[in-house]
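Sequence order for the protein chains is A and B.
Using the numbering used here, you'd call the opening residue of the first sequence number 1 and step up by one each time.
Using the numbering used here, you'd call the opening residue of the second sequence number 96 and step up by one each time.
For the record, the hints were derived by calculation from the structure and aren't laboratory data.
In this text, a Cβ means the ideal position worked out from N, Cα and C, and glycines have one as well.
Please note that the accuracy of each hint is not assured.
Quick partial rundown of chain B residues pointing at chain A, CB under 10 Å, derived from the structure [said to hold, decoys possible]:
| id | residue |
| --- | --- |
| 1 | A146 |
| 2 | Y154 |
| 3 | S186 |
| 4 | F188 |
| 5 | V189 |
| 6 | R202 |
| 7 | A207 |
| 8 | L251 |
| 9 | G278 |
| 10 | A281 |
| 11 | A302 |
Pairwise CB distance ranges (calculated) [to be verified]:
| id | chain 1 | residue 1 | chain 2 | residue 2 | range |
| --- | --- | --- | --- | --- | --- |
| 12 | A | A3 | B | L162 | 50 to 60 Å |
| 13 | A | L18 | B | V213 | 26 to 36 Å |
| 14 | A | L68 | B | K277 | 29 to 39 Å |
| 15 | A | R12 | B | G209 | 36 to 46 Å |
| 16 | A | N37 | B | K277 | 48 to 58 Å |
| 17 | B | A216 | A | P67 | 28 to 38 Å |
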Amino acid sequence: MTAQFAAVLRNRISLIWLVLVVATLISWWIGAYDAANPHLGTAVVLIVAFFKARLVGLYFMELRDAPLPLRLLLEGYCLIVCMTLLVMYFTSGSH
Amino acid sequence: MEFSPVSSPTSAPLTEHLSADGTQTQPRRTTHIPGEVGTWVFILGDMAVFALLFGVFIYYRGKEPALYAASQLEVHRGFGAINTLLLLTGSLFVAAAVQAIRSQIRRIAQVAIGVALVCGAEFLLNKILEWTDLVANGHVPAGNNFFMYFFMLTGLHAFHLLVGLGILVAMFALSRKPSLSKGQFAFFEGGACFWHMVDLIWVVLFALLYLVHS
């Protein structure tokens, strides 16, 4: 069973998981050291978060293989929500 | 009608079936909607509601940046980060379970869903510990706007996670059946996507609530 389990995990989704874990650790590190440039840090953290959300959608939800309109809904969601939040952050008193 | 996603139920074609796209052994995939269209109306609707709440949080953060920054120092980034890793790992195993069901290796699917259930339960336990610690230190939802949104957003997400755990239990029961009908297989795929949505929303909430700085 161990060999079969390894076979199930030995593919692209495990690599994507690794990328997501590394991205999480980088975000955590950036979030912990806010003194240097908090505004740039916030922008990076938000962009990384939606990059991660996109990977979850494309590879875990398998929308990479979905009909184009469904895939575009995910891509549009990540892009539009991320951009909107960044604009709101930089145009309000948040920064 | 019984549904067999993979023509040969033996483990022999597993490697070929599970190979990464682009290798010569993998036939070109046709497009496929995981689950059913109705599932996606629900998932995308839920994601839209959360998108609005993300915007509301950032908007009100802009009204009281100093208060939000000071309050954010009271929440534990470690809880947020470890919970993110737990959900990502749960998602990996749910995705593996879908592949195992397609390849008709049900035992692997059961173990994978079991691991995801443990990850989800551990997330919830951490969340309860975090909430308890915050309340014990006087940081209650009525305390200020940051904590009101913090408890509201994490509470709403935790409710989705609870629903997701229930769906995982149903998927575990399905994975014990010798074969799945087309509808049951669609439920399995759709349930997996709901679980991934809970993961996707948390990834953004972790950044918004724990990492965004003023």
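Under the criterion of a CB-CB separation shorter than 10 Å, is S186(B) in contact with chain A as hinted?
Holds: closest Cβ of chain A sits about 5 Å from S186(B), inside 10 Å.
Verdict for L68(A), K277(B) (Cβ pair) under range 29 to 39 Å:
Between L68(A) and K277(B), where Cβ atoms are some 24 Å apart, the hint is violated.
Taking the closest Cβ pair, is G278(B) under 10 Å from chain A?
violated (19 Å)
Does the beta carbon distance between L18(A) and V213(B) stay inside 26 to 36 Å, or does it fall outside?
violated (20 Å)
For the hint on A281(B), does the least C-beta distance to chain A fall short of 10 Å?
Violated - the Cβ of A281(B) stays beyond 10 Å from chain A, reaching only about 13 Å at its closest.
Interface restraint verdict for R202(B) against chain A (beta-carbon cut-off 10 Å)
Since the shortest Cβ distance to chain A is 6 Å, the answer is holds.
Cut-off 10 Å, beta-carbon criterion: hint that V189(B) touches chain A
holds (7 Å)
Measuring from the C-beta of L251(B) to each C-beta in chain A, is the shortest one below 10 Å?
violated (17 Å)
Chain A contact restraint on Y154(B) - CB to CB distance below 10 Å:
holds (6 Å)
Using the Cβ atoms, figure out if N37(A) sits within 48 to 58 Å of K277(B).
holds (53 Å)
Whether the CB-CB distance between A216(B) and P67(A) falls inside 28 to 38 Å:
holds (35 Å)
Hint check: is the beta carbon of A302(B) less than 10 Å from a beta carbon of chain A?
This hint holds: A302(B) lies near chain A, its Cβ roughly 4 Å from the closest one there, short of 10 Å.
Consistency note: the structure conflicts with the earlier hints numbered 8, 9, 10, 13, 14 and 15.
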